[in-house]
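Peer 1: So the protein lines, in turn, are chains A and B. All residue numbers in the first sequence are consecutive under the working numbering, ending with 151. All residue numbers in the second sequence are consecutive under the working numbering, ending with 701.
Because the hints were derived from the structure by calculation, they are not lab data. The C-beta atom is built at its ideal place from N, Cα and C for all residues, glycine as well. Incorrect hints may appear among the rest.
[Claimed, not checked] To be clear about the criterion: a stretch of chain A counts as covered by chain B if any three or more of its residues have a C-beta under 8 Å from a C-beta of chain B, and this derived list gives those stretches:
| id | region |
| --- | --- |
| 1 | 48–55 |
| 2 | 76–90 |
| 3 | 123–133 |
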Amino acid sequence: MTTRPERHDLTVPADPAMGATMRVWVAEAGRTLGLGEAAIEDLRLLASELFANGVTAGSHRLTVTLSGNGAGWELAAEGVGPLDADLGELPIGRLDLLRSLAEVEVGADGTVRCTGPASD
Amino acid sequence: MVEGLIGPSAHARRYPAEHPEGFGSGGTGDYDGDVFGHGTTPTRETGAIDLTIAASQEGRWHVLGVTGELDLASAPMLDQRLAGLGSGPVALDVREVTFIDSSGLSIVIAGVHRARDRGERLVVVAEEDGPVQRIMTLTGLDQLIDVIRSTDDLPR
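Chain A with its partners taken away, still in its complex shape:
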């Protein structure tokens, strides 16, 4: 993984069809950061869950930022909406699922920050 700080961002409309775009983008940004495939799979799922949450919460658009340095990566998302909703018939909620993949913090402004280590 690169030791030079890098940052990539993307803004998409909260249209369900854009979830695939979000995943393609985050995977390619992760590879640019030198992340391994396991970390990239985590990022794809994280991005998809954040995006879906934003869509169902009624957001107009989502902005995600992936940054990294030698120590790890951070995926920050704006427009996600509240993360306290359950997931229908699934036994865990969205926030639980996110936290099974990364460290997750929700800022006072609603920005969700997911972080993980550089190594897989």
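Given the coordinates of chain A, work out where chain B should sit on it, guided by the hints.
Peer 2: Then chain B, alone, in the frame of chain A:
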């Protein structure tokens, strides 16, 4: 930011049919409020739903073979196919699913419950190291859904 790519104020593109080449690399289009980014270049067509469902019959089993990505956009397609099946047990073959999130998984568990309500079974055919098995494990659904590795393992 990656060297050789352009900065945050330089570009944005509409998606997908108008610009199937993607966005984010050196374009000069004006920001139109739809898609905006910098630092990477998605290379495949974006915004399209990537899911196909093939139906077949193996003995009394309805077999649905799912290929592609199961997410918020595509999951309703699977829900519709599951809801339209006639009587009989269901094998949902997801070995060719390349991505699934909780939206897709919710449809799978809804299908399980729908089958049980009819007095039938729904089994998932999944690779041990595939994305469906992974999210089932993350969510604890691997304890609630019958999973087999091959349609050859279907009870006759």
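Peer 1: Now tell me if each hint is right for this structure.
Peer 2: So, going through the hints one by one against the coordinates:
| no. | hint | verdict |
| --- | --- | --- |
| 1 | 48–55 | holds (count 7) |
| 2 | 76–90 | holds (count 7) |
| 3 | 123–133 | holds (count 5) |
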